[in-house]
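Undergrad: On the provided structure of chain Z, position chain X as indicated by the hints.
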Amino acid sequence: MLDTVGIPALEDLYAHLPESVRFAGSLNIAPGKSEYEIIDYFRARGSENITARANFLGAGVYHHYRPVLVDTVVSRGEFLTSYTPYQAEISQGTLTAIFEFQTMICQLTGMDVANASMYDGSTAVPEAAMMAMRITGRNGIAVARTVHPEYREVLGTYTRHQPTSISEFAYDEQSGQVDLESLDRALNENTAAVIIQSPNFFGVVEDTKQIADIVHAKGALLVFVFSEAVSLGLLEPPRDADIVAGELQSFAIAPSYGGPFAGVLASKEQYVRQLPGRLVGETKDANGNRAFCLTLATREQHIRREKATSNICTNQALIALMATVFMAVYGKQGLRELAEQNLAKSHYLGERLWRRFNGPYFNEFVAVTTPRSAEEINSLLQGLQIVGGLPLHRFYPELGNSVLLCCTETSRRADMDAVAEAFGA
Amino acid sequence: MIKKVRQHPSQNEALLFETSSPGKVGYQLPALDVPGVDPVDVLGAQHVRAEIENFPEVSEVDVMRHFTRLSTWNYAIDLGLYPLGSCTMKYNPRVNEAVARTEGLMWIHPYQPEALAQGALAILAELERVLIDITGMDAVTLQPAAGAHGELTGILLVRALLEARGNPRRKVIVPDSAHGTNPSTVHTAGYEVVNVASNHHGMLDVAALEGMVDEDVAAIMITNPNTLGVFEENIARVAEIFHAKGALVYMDGANMNALAGISRPGDYGVDLMHLNLHKTFSTPHGGGGPGSGPVAVKEQFEPFLPLPRLRRATAGWSWDYDRPKSIGRVRAFYGNFGVLVRALAYIMAHGGEGLKRATQDALLNANYLRKLLEPHYKIPYDAPSMHECVFSNPSTGAIAKRLIDYGFHPYTVSFPLIVHGAMMIEPTETESKQELDLFAEALISIAKECDENPDLVLKAPHSTRTAKVDEVAAARKPILKWRGP
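For the record, the sequence lines run as chains Z and X.
Those letters in the first sequence? Residues 1 to 425, by this note's numbering.
Those letters in the second sequence? Residues 426 to 910, by this note's numbering.
If you're looking for bench data, these hints aren't it; they were derived computationally from the structure.
Just so you know, not all the hints are guaranteed correct.
Claimed, not checked - Calculated pairs, DSS-like style, for lysine-lysine (alpha carbon to alpha carbon, straight line, at most 25 Å):
hint	chain 1	residue 1	chain 2	residue 2
1	Z	Lys307	X	Lys902
2	X	Lys893	Z	Lys284
3	Z	Lys284	X	Lys884
4	X	Lys902	Z	Lys268
5	Z	Lys33	X	Lys781
6	Z	Lys307	X	Lys596
7	Z	Lys284	X	Lys902
For reference, chain X alone in the conformation it holds in the complex:
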C-alpha cells in the first residue's frame, strides 16, 4: 500500500519563450544619473548587436509563477528520503544559507585588498584547520570547485611530487568499483589508467595489487568506504605496499560521511584525499552544483599545493603567491567561498562530538535498512555495511521507477558496475525511523509486486505528472534548445 503520497493537481507551464509577448517587462532600473551615450557612436556600428531574437519578454509575476510551477515538478530532500548511494543527500540546514548571505561576506570582491578582507580569510583559515583535524592530514587546499576537480588537483599533486623526486612515473591504478571520474581524472593528468578487479568480497585485492605495483606506478586511487559501502580493511597494508615501491595513495573521500569523527585517513597511510563538502558537510546539491572539493594532504605535498596559499603574517592573514613548486592555479580566485562558508557553519553547529554522532547515526540508518531489506533483496557481497548498503536485482531500474509511485526518490541504479543490477542505498543520518520504515515497506511491497504483478513495476512510474521519459529518443535526435514556435 502506498502511504507516503497521494495525487494533487500539478500546474502546467509552457517555456518562457512561449509565454513571451512583445514589450512585456519584469525589471526596473533607476533613471540614469549621468548623460546617456549612443552605443553606435562610442563603440562603432559593427560592435552593436540587433535585438536578441526570441529572448524572453515576461512580467515579474510571470517569472515568479513560471519558476514556482517548475519547482513543484522536482523531488527534493526537503520532501523526503533521497537515498542515492554515494551522494550523501542529507538535510541542508537553512542557517547555512542565511550566513552565506551575510552582507559582509556576500558582497566582497576577490581583488579587494587583503587588509579589507580579513574576515573572509579568517573563515578560510578556520575551515582549513578543522578539515585537517577531521582527515588527520597536514595541509588542505580549499580551491577545487567540486569532487572531480579535487581529484584532478590531487593527481596533479602526485605528479608534481614524483617529478620533484626525479620520475613522474606512468600509471595510476584504479579499482573497477571506482566512480567514473577517477579514470577520467587520471587521463587528464597525463597518466595511464590501470584497472584492477576487486576480490570476491568486493574489496581491494591485496595480492593482486602487490603483484602490480612497480617503479612505473605513481599512485592508487582508493574510494574508502568503497562504493559497496564497505570499509577497505586492508587499506593500511595496501599503503605500506605502495609506499615501499615509492608510490602514493590517493583516497576519494566521497564517502567521508561514514568516517568523520571515527576514522582519519591520514592516520593509516593515505597521502592525500579530497572531500566533497556538498556531501559530508551538507552544502546543498542545488540540482547538480555548486559543489566544493578541498584536497587534504600530508606535509610532503604542501609546497606543491595550488596558488595562492593562505599565510599568517604579523599584520593578519594574506595570500602567498611566491611558491615556485606549486602546480599553479586550478581555478580563478580562491575557491567556492560561499560553499566553504556553509560547510564551516555545518561543522560549527555539530562540533567535534556532533560530527561523530552524525556519522554513527548514518551508519545506524544504513544498517537498519539493510536488516529490514535483507530478507527480500539479495546482498551480493556480505561484508559489514558502513553508511550505505548495496543490493542486487536484475530489475533494479524498474524497481527504482516504481519507488517514485510510493513517494520516494530512487536509490542509485546499476552502480557500482561490479554488481549486476546494483541498488545502492544511502539513507544518511537525516532520516527518522518513521521515514526509514516507510521506505523499507515500499521496497518490500515492490518486491512482492515483482512476483505478483511484474507489469505494474515494469511500466512505472504511474502517478507522476511526467510519465516514463524516452531517453533513447532524446539521444538519437538531440534537441538541445528551443527551436521557435
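The shape of chain Z in the complex, shown without the other chains:
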C-alpha cells in the first residue's frame, strides 16, 4: 500500500506537517493490553464500588429489572454498529424501530408527536423551555421547585445567555404538590412556559389538569416533566400539557452511574415545526411499499445552521431501542402490572414510616428520619449491604432529617422490613 501511495514509510504520510505541530514525544499510556487484562482491570474497579443487596435510591435513576431480551437485541451488530440512518434504503431496521418508539411515546404520554429521543431528561427540559419561548414569543419560564434539582440546574446553564427570565415557585408544605398560589404569583404576561414534574422529585403525583387550567388561562404553555417512566403505566397521562420532556432510564436502561440514558421530547401536533431533534416519518419507496426516513430536517442544524431549533445533532438511538424493546416485552398488560407492583411495594414501606408529605405518591416518598439522622440510618443499612435513601438537605436545606426513598418491583419485603426497622418503625 505504501508503494501505491508512493512513500517509503508511514511517517511520510504526515511529513508535510510543519515541525511545530508534530508531536515528537510519546504518549504516557502503557503498552497495549490484552483482552483478559482489560476485563481484569474493569472487574477490579467494579469491585471497588459497592455491590449492594438492595438499593433504595431513586431521585431520577431507578433500579428496575432489565429483561434479557433487551441486551440480546441491542447487541446485534446491525443495530450496535450502524450510523444515523441517513441512507434510508439500508437503514430500515433502525428507522422502523424509531417510528415504533415515537408511536409508543405518544401512546404513553398522550402527546401527538414525539421525536427520536434526546440525550437525557435533564437536557430535554431546557430544549422544551426554549421551544416554548419560540412558540409563544415570550421569555419567562416558571419552574416548580419540585422538578429534579439537577434538571433545574441544567435549565439555568442552557438559558443563561438567552433572553430568558427564570422564576421558581414553591411546593405545598403539607401535600408536597405544587403550591397553586405560589404558581399564580409566578405567572405573568411574559410567561412562556410553566414546568412541572409528576411524580415530582418527592415522588408525589401532581394535579396536572388543575395546573394546566391555571397556566393556559395566562396564555402560557405547560411543560410536563417525568423522571420515572414506569409511572406512565398507571398514572393518567399529561394530556393537558403542551410539551412533555422526560427520562426513559426506567425502561431497561441500567443506572450505569448516571448515563447513557435517553430523553423524551413530545408535544401537541401544532408545535411539530418547533420540536428539536430527529424525527422519523412514514413514506413509500419507488415500488410503493411502506418505508421510513428521517424527515422535517429543515428544523435541524445541518440545514439551518445558526437558525436551527437546537444545536442537537444526534439522538440516543441505541438507548431508545432498549426502551422500545422493553415496552414491547412488557406491553399493555405488563407495564400496568409492573407499575402496580411498584405502587404496592412503595406503599408497603411508606405506610410504616413518617412520611413528610401527604399527597398521593407512586414509587418514591420522603420519610422523616427523626429522632435519628439520615446519615445514621444509612450507615446502619450499609452494614446490612443495603443502600438507603437520598438525604434531602443537599438539595432542600429546609428538609433536614429527611430522605427520599424509592421502592420498585425489585425491592424485597425482607429488605423493606430492614429499612423500617432502621427508622425505628
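TA: Then chain X, alone, in the frame of chain Z:
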C-alpha cells in the same frame, strides 16, 4: 462487476401494533411479596389511567423475531466498510461492550455515596489523564453527552472566561467548511455567527482572518483536520493572531482520528477542544447515539468547567461542587459513564504506541484510496489528505445510492458545502487492503456506468429490499406515528 454481495431472502415484518393480539404477553413478574393496593384507593380515580390504547400485546418470541428481522434491514460496520466522511466508522471491539456490563459498573447509582463508588471515580480519573495526554491540554470535563453538547460546553466556557476578563464580546467566527452544529452552537451560547470563506486551497484564509479579528471577536471554531480531510497548516499562526487580540481558539475535534499520537492541539495554540469518543475512541454509534463529547481545555479554563469536578482527596476520589466560577451543570449526573468506560478500554487495548499506529493506518488507508480513485474522480482541492479524502462529482447522490448495490454503505454526500457535489470518504484504520480494493473497484466501475449507462446509476439502488425512498413525500405530509389499522 459486483463482487461483495448477492441477494438472499429478506423477511417481511409488520409493525408491533399490527401483529398485536389482545391478551398476548411476553413478560414475567414474580408474585407480589407484599399486599396489593388498589390504585384508585391510594392515588384517587382522577390520577389512574385507562388502558394504553393500541400499546403492543405480543409474545417473547414475537419480540425476538420482530427486532431480529428489523436488524437485518440495516447496514453496519460489522458487515463491511462504512466510509462516511468525518464520522469515523471504525470497528467497535466487543471487549468494550463486555466491560461496560461489569456488574459493579453497570448497577451503580449516581447518588450512591462516593465512598461506595471509588472504582467508578478511578476510571473517570484515568480517562481524564489519558485524554489530557492525547490532546496536550491541562484539564478535561467528561460530562458532555455528544459532540454538539461538547461544543456548547466549550463556547459557554469561552464566554465565562471572557466575562471574567470583563467583556464577553459579541461574535464567533466559523469557517464555511464547518459542520452545521458549530454555527448552531454559537447561536445557543448567545453569540453572533460570522461566517468566513475558505481560501482557494479549501483552508483557513489567514489574511482574511487577520482582517476580521477585533475586540468584538470572542473566538474562532476550527475543525482540524478540516472537513476536506486537510490539516490546517496555519493553525498555529491563526492562534497567534487571535491571541494577540484577546480572542480564543476552539478546535472541533471530530477528526481527531487523524491526529492521536502524532499531533497534539494543545501544543500549538488551541485553547480548548472537544473529542468525539464515538468516533476516535471506537464507542459504537448505535444507529445515532449514545455518544460522548469530552471537552479538553488549557489551565485558564479550569475554574469554569462544568459541575461537579473530580477531586483527589486523602480518603480517595470525590466530587467537588464548590466551584463558584463554574458555568454550572450541562447535564444531570457526571456524563455518559457507560460510554466513557468503553473509550478507556479502547485506549488501554491500544496503548500509546498503538494509538499512534492506528492513526498512521487511518492515514494510509485514506491516501491509498485517494491514489486508486484519483484517475477516475475529480479532487477539488489538491492539498495532501490526512484521514479522509474528498472528491467531487455532480452525480454524488446517485453514485452513493449505486454503491449500495455493490454492497457498501455510501460515503458522506454533498458535504462539506464548499465542494460542489462532494464525495467525502473516510475508510478508518479498520479496513484491510482487500476491502479497500473492493471499494475502489466498485467506485471505478460506477464511474464507467455513469458514462455508459447513466440510467442504471440514476435509478439506484436496484438490489435493496426497500427501493429508493420518497423523502420529499415524507416531509410534505408528515406521518410521525402509527395511526391505527
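Undergrad: Each hint should be assessed against the structure and marked as holding or not.
TA: Going down the list of hints, with the structure as the test:
1. Z:Lys307 x X:Lys902: holds (23 Å)
2. X:Lys893 x Z:Lys284: Judged against 25 Å, a Cα distance of about 9 Å means the pair holds.
3. Z:Lys284 x X:Lys884: holds (15 Å)
4. X:Lys902 x Z:Lys268: Holds. X:Lys902 to Z:Lys268 sits at ~16 Å (cutoff 25 Å).
5. Z:Lys33 x X:Lys781: Roughly 15 Å between the alpha carbons, so the hint for Z:Lys33 and X:Lys781 holds.
6. Z:Lys307 x X:Lys596: holds (15 Å)
7. Z:Lys284 x X:Lys902: Holds. Z:Lys284 to X:Lys902 sits at ~12 Å (cutoff 25 Å).
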